[in-house]
Every structure is written in C-alpha cells, then in structure tokens.
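Got chain L; can you put chain D on it based on the hints?
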Amino acid sequence: MKFVSILNNKTFPGFYPPNCPANSSEVNVEPVYRLIESNTIKEKEFVPSGIRRRSYFEGDCETLALSVLGSKDDISMAYRFFSSIGQLKKNKVAVGYITRNSGRVLFDRSVNVGNSHINWWTYDGIQPHTFFNKILQIGVDI
Amino acid sequence: MAGVINTPLGKLKIIDVLVSFDGPRIFTCTNSVAKYLAFLVDELDEWDHWLFIPVTSIRISEIKNGLLSIREALLNPESDILFEIFLPLVEEYEAKLMTISRMEIPTEFLPDENSYILGQSNSTIEYYSELPQKETNALDMASESARDVFDIALEMNDDPYEIESSLFGETLLNIQYTMFALDERWSTSRKPPVSVVEDNIVNVSSLFQSSFGIRFKSKQTADIFRMTPATKSLRKLAELLQVSSDIDQLRSKLKTINPRAVLWYQKFLHTVQRARASLRAEWAAPNQETLSVSLTKQQVDLAYEITKQTEETVSTKTIRGTLYAVNLRRNTFFIEGDDESDYSGGLSEEIQKFVAKGHVFHIPMKVEAHLEVKVIINVSTSEENFVFTLIEVYEEHNDFLINDGEDL
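Sequence lines, in order, name chains L and D.
Everything in the first sequence is counted per this note's numbering, starting at 911 for the first residue and increasing by one.
Everything in the second sequence is counted per this note's numbering, starting at 8 for the first residue and increasing by one.
Since the hints were derived computationally from the structure, they do not count as laboratory data.
One should not assume that every hint holds.
So the derived label-pair ranges between C-beta atoms look like this [to be verified]:
(1) D:Pro139 with L:Glu953: 18 to 26 Å
(2) D:Tyr168 with L:Gly1035: 40 to 48 Å
(3) D:Glu171 with L:Gly1035: 53 to 61 Å
When the alpha-carbon atoms are kept at most 20 Å apart in a straight line, the in silico SDA-like pairs for lysine to any residue are as follows [what the hints assert, rightly or not]:
(4) L:Lys999 with D:Glu53
(5) L:Lys1000 with D:Leu51
(6) D:Lys360 with D:Phe341
Now the stretches of chain D that chain L is said to cover, found in silico as 3 or more residues with beta-carbon under 8 Å [what the hints assert, rightly or not]:
(7) 11–17
(8) 88–96
(9) 107–121
(10) 256–269
Every residue gets a Cβ at the ideal spot worked out from N, C-alpha and C, and that includes glycine.
Only chain L is shown next, with the shape it has when bound in the complex (with noise of 0.2 Å):
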C-alpha cells in the first residue's frame, strides 16, 4: 500500500462554487473502483472534469467531483455502458479507498453505471490518485 499524507485542513480549493458540494458527507469507504485507460496509477486519470477541462468549460459543483464506483459489481455494467458509448480503452480498473479525511462524497446511484456511483469532492492537498493501490483487468482479473 501507497503511503498517503493527510496534509490538508479540510478546505476546497477557491475556485470552487460557494456551498459546493451540497448534501454530502465526510465517510470511509473501501474499496472503491474507478475505470482507467492504463496499466499504472497516472495523476492525469484522476483529475475531475471540471478542473481537467477549465480551459474551455466552466462547470457546475458536480464536475468538480471524482466519479468512482462502490462496488465490484458495477464494473462490470460501467465497462459495458462505456464500451456503448464508444469509449473502449477506459478497460482497467484501479482500485482504492476513500478516507473521511481527503475529502467528502455524494453516493449517486447512476442508471448508466451502477447504484454504487460515488461522487468524490477531495479537499485542497489532496491527490486523489495517491488513494489507488492495485490496477485490475477487465476480461482478466474480472
């Protein structure tokens, strides 16, 4: 396991909309999953839209968040989902944990993706893909 440092005092960064998130809480969730392009834990695939995208989107809260899902079945149904919709390199999964301390989550069951879709608002400091540990292959490892 990857050595995670909590350096951060529970703040968003500035940008981000005044009460955003909303309706979310600070818990321990593991294991979560989150579909990947490549077979190691890059920064890059761990970057949340809205920030991967600022120069040309100004987004909403929800954008800000990280999408990963709570359960090993779900993976199956997103790959599935993602391969319908013409995406088909996202075909590993990296594998982690959620700390009450990097940030705060909104469980938001997706029809697309599963009932355990979880959004992931990481406070400022944190590094998201710090969090992932073990990479799985669709098709190999699952």
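What follows is chain D alone, placed relative to chain L:
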C-alpha cells in the same frame, strides 16, 4: 445549471446532461440560435475530441425516451453537416473546428448500435422545455434592480413547460388586479383609481423553468427606504398566499382585507386550479424583506373553496312604495320604497304567469308589495348580498291583488 462550454460555435449553455461520468459526456446545449447534441468522442492528452450536431427538441425527446440511439442521432443529423471540434486542455492552444458530412463520420468515432440513453425519463412522455433556467434568485434581483420581485411557479404534471395562453393571460391579470385591490385606496369606484394603478403596476420580466415560472417586477423603483410603491401590496399578496395553507388563518385573513381583493384572489386561485398546478411563490423587496410559500394542489383547492364559502338566509318583507318598472322580457321589477330604499329583483313564477295571461301594469303605480328576501353572506368577508323576488303586489288605491289570478 450544468455548465457552459466555450467552443468555436460560441459559448454554449448546457441544457440537459444525458450521460455524465467525470463530467458531462453526452449532452444538449444551445447558443440561443441553435441547439446541439454534444458527444465526447475521445479524451486525448492535450485535447478533448467532440462531435456537435444540430438537433431539434423533438429529436432530443426521442433520444431521452430511448427511441433513438446516440449512434442513430449522429448518423442522421437535422442537417448534413456535423461539427468536429477539438477543445484544448491547455490554455495556450486554440480550439479546432472542422465540418464533416454525416457520410464521412469515421465509424471508430461512433458509439454502438445499442447506445440508447437509459433512465432519463420516469414517464412515457418526456417533455422538453424551451424555458431558460432562473439565473438570479428573487432576493438578489430585488437588491440589484431596486425593484420588488415576485416569482410564481406553476408546477404542472401535464405538459409542465407550457401553459394555455388564456390561462396565462388570466393568471397575469388576476395577480395584477389582486394587487390593485389589496391597496386600500381602491374602495368604492368600479375601476381602480389611477394612483393605485400607477403605484402597483408590475411587469413580467422573464419566464423560467420551474415548471412554468413567471417573474414579475414592480414597474417603479425603490425610494430611499428601499421600498417601492408596490411593496405594500406585494407583501400583502405574499402573506395571503402564505396563510392559504391553513384554513383558519386564511379565514381570519380574508376578513381583514377588501372583499374585492378576495374576489380577485379567488379568481387567481381558480386559474391555478384550472392549470392543475401546485404553486410556489417568492416575493423579495429591495430592502431585503422576503417571503416564500408553497401550496399543493389540494391546498389551492381548499383555499379556493374558502374564498367562495357563503351562507344564505331567506325571509319575507312587506313594503310600500312606487312600482316604477316591470320588465316582462327579463322578468324583473323596480320599486322605490317609501322607506327611501330601492328594491329590484325578479318576478315570482305566479306573477310571471299572471303577466303571461295578459295583465298590464300601469306604471308608475303606488303599491304594497310582498318580497322574498334572500341574504347571501360571504363567510370569509362577511359581505352581504340581497336578492329580492316580488311575490305579491297590490295597487294601493284600487285595492287589487295580483297573486291569486283575479283580474284588475
């Protein structure tokens, strides 16, 4: 609001996110001129690769209802031209736009045959809204514009984003006239006095999605105390709406306001009823006073019934006076009483039959008359209405009786 996306097609406001996972991936958006379906083809290291296709509201409904797959939508756009756009993840880069014909879309860009969107609709019919989202809340707008702001939202299940034009018109009229009537200066005259109208006029400044939201703003701006001339009436209207969820409070409130205001408020509630809507309202004044209220359909029904509630008492009365008019076509009469009261109303069936046999009234005629007096009291306002019916009439000098069929 899900967001705004800056593209070579302009600044596009996201209307509806159809697929979101790490942000919107498939969504509809608009630049107020055209609507587009946006489809994320790929995420590259320095670019996001998108397709934007022009779409109509009907096409969007078909996608959302699972009648049309994303693949079919991309292959059969409303026009032959699609927009392939590379949007940079690095600020120094410029976005790239290319037009391609639908026949030229590489198959590797396309999703599967079965790329149907799931779970966008809970009902068999998905309504599409052309109404914009409310961008500024009432309180902020009141403060910024120095005008009173009154938002109402008619929440309808059937066709939630549109309203019959006549109901829309009546809603506006009834709100405006309830406001006029809540101004105590409109007491006796048939029309509201000019001063009442000038002070209380509200303008419709926007419509918004909620399901059908209407924003009113006072025509006049605030004085140095941050109150407009319409603040008082709008506060009263908001308070009236607020107590409408409680029968006892509503009854008490209605007794304290002008019966004319009760009548116009009743008309307003009736339009909400006819729209089969529940109601939300929010009033905010420039001085930061605010009130918000929500009424279910049942509460609207009940409030409407309470404004209509009446009690009737029936009695008879004998009067002396001069019969000045009998209208045989309308079966009405008019007697000027010796007690200096005027009596007018309908003819009883017996008198109507008597007249039908050929009896002629020689008016004016000094008479003694027996009247049925029906008193209708509005329970809410305590306002009394008198309805008279002429039952018997005697000419005083000739001593004749009309009601038993004897001739003159």
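Where does the structure disagree with the numbered hints, that is, which hint numbers, in rising order? 1 and 10
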